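**Q** Okay, here's what each chain looks like letter by letter:
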Amino acid sequence: MWRDALLVCGKDLRIEARSRVALWQVLPFALLVLLLFAFALGPGPSALKAAAPGLFWLAVLFSTVLATQRSFAIESGEGTRDGLRLSGIDPAGIFLGKAAAIALQLAVLQVVLWAGVTLFFGVRVHVVWLAVVASLLATVGLAAAGVIYGALSAGLRVRETLLPLLVLPILAPVLLAGSRAWEAAINGSVATGAPWLRVLGPFAAVYVVVGMVLYGPLQEAG
Amino acid sequence: MAGKVMAPAVHLRSAVALAGRFPALSGVDLSVDIGEVVVVVGPNGAGKTSLLRTCAGLLAVTSGEASVLGHDLRDDRTAVRLEVGLLGHAAPLYDELTAAENVRFAVRAADRPTGRVDPALDRLGLTGRLRRTAVGRLSAGQRRRVALASLVARAPRLWLLDEPHAGLDAGARDLLAELVTEAVGGGAAVLFSSHEPELAVPLANRVVAMVGGRVSDERRGGRRAPLAAVPSTSDGGSTHVA
Amino acid sequence: MKPLAMRPALVRGLGIAAVVSLALTIWLGLWVTPPDEVQGNIVRLLYLHPPVAWVALYLAFGVAALSSLLYLWKRTRSLFWDRLAAASVEIGVVFNALTLVTGSIWGRPTWGVWWTWTARLTSTALLLVLFLGYLALRRVPADPEVRARRCAVAALVAFVDVPIVHFSVQWWQTLHQGASILTPTHSFKVHGSMLWTMLLGFVAMTLLYVWMLIVRYQIEVLKDRVGDEELEISLAERRAEGDAPPPAAGGGAPVEPAGSVR
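Chains as they are written, first to last, in my numbering: chain A, 30 to 251; chain B, 53 to 294; chain C, 17 to 278.
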């Protein structure tokens, strides 16, 4: 199963390397979201500074939806969707592989967004390890939940509108916990921030397990 | 046919398969033995593609008997997929990857040694620059060849080909005939559909006609004896495998 | 449960019991029980709001999640569980909305605002959106088994999220400011006739839920039956495709245009 996961992850990343969709579309979109927040909240730095952690995670959440849609658009052709089912790859392996590919892309995205937030909103992260660990855990959870819902809506013509509606409420705890953890990391208070890792960790673990178990039946429901 | 010692490659009895709410197969009776080549003919919409997809475990059989290579399709239709190879209308190729990468993915997914990739590509005439071009840039005929190369490299025990002659030039068609012969020689069975009987019938041991989701007629094909059979008493024709 | 749903007398009896207990609750709640010293008459919502919330959050969603699990598990797979889950979610959505409305009505005179981001209200609102997502998914046309599988997975994945949401939002609230005025747990005592009326409210809502569940389930069965009959018709039509002889082609079967399958 792990070899299968590596195979699928490698395939997805290689396709991304050739097509550069995440690079040229998802990443700019995330930066655009930050920019739009600035328009929405006004030029005064205090509002943006206060809202910075939440805005960062909102941008990440929206990007997750896009990245997930892209990941499943790779197999949107009639031949490739069947091909993946026919390939004999263990569904749990497909799930892990796709989630890993999305997670890696999200990780890169967050680094860039972090730079963006620092630059545009004028905040500085003081407790780096807290921010990094929170991001890692959150990313795993986001990717796992994203792949589950991506598979759920994959075969449907209404998937563009359905996927956000389905997955974003699920991701709400990640938004909450991630924002609080980053807020603490920015303010330098580890004690208020670290406990939120206790939400992000289980979320990631639960959704990885659920995905591995349910991906098989999900694939067949297409 | 005489000499049926092993379980048949495909065994369908009154099989009904649904695609959504539509009864793609409305009660199919069909048996294909190891070493046999069977072609399915019929008008558009008769269910030929659905038959092949059902044998690959992609469509759910809701009533009747259905077993492929010993796997009961009504129990678990995912188990059979490692052992069959389906060549559908749309090739399972990733446009951004090269021919070699696509075939390598298929081979590794099936747990076959990657050494099989290059020989398969060579066999299908995909050499040099063609191998390293992104599949999205290749012509339709070349994409078909890549898909065939994937199939050859995976070496499944049951070949399911959906109108394989479509989109292939004359040279590739001859090649296909050779590949089919090699496949059954190696102990596989081949089930394919076709709209071109002049090409299809000579390749096949049996010709099966489908209409309205079920089999309506069966005849002898152009290929003489199936591999495992003892020379039968049916007619005095020469027993050569084309 | 299956035969129970099909016995009309029992179902009707259940419905009557639900309506009667509900009417009794309302009568007791509005006229018989005294108003609270602090809260005044608004406390009468106590007889409706917690029972409605209980049905929405625990009963309906719990049944939906359990049914989804049973559908996905091979041993007990049956469309019965899928239909039950769908019916439960639909009722759950209605009760969930009612929970939010009654909670909001309670909040207005008590806290002065129509809405506040307390843990419970926030989680409940999120739950509503999750429910709605399930219903949106269900409306996508598909073969019943396929749809059932998809929806069951969605329900389970959402269910798994609920405790995480609840826990994190609640924690968020306690971190923000102390309990004080914004918590929905009030310190007045519920005793005597108020207690009995509230308990009756719980019973009434539960009966109402069960009755609605059975009726809604029956509707699902009927809908699927229509679908099955349409399938039978299309199956027959499909089979008949080969029977009609073509008008001009000299009696040959409409099998092969080139006619070389001789």
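It should be emphasised that the hints constitute simulated quantities derived from the structure, not laboratory data. Note that the coordinates shown come from a computational prediction; the quantities given were computed from them, not determined experimentally. We put the beta carbon where it would ideally sit given N, CA and C, even for glycine. Keep in mind that the hints are not guaranteed to be accurate.
To be verified - Facing chain B, according to a computed beta carbon distance under 10 Å, are these residues of chain A, among others: (1) Gln54; (2) Ser75; (3) Arg110; (4) Asp111; (5) Ala121; (6) Arg227; (7) Gly230.
**Q** Give me the numbers of the hints this structure contradicts, sorted from smallest to largest.
**A** 1, 2, 5, 6 and 7
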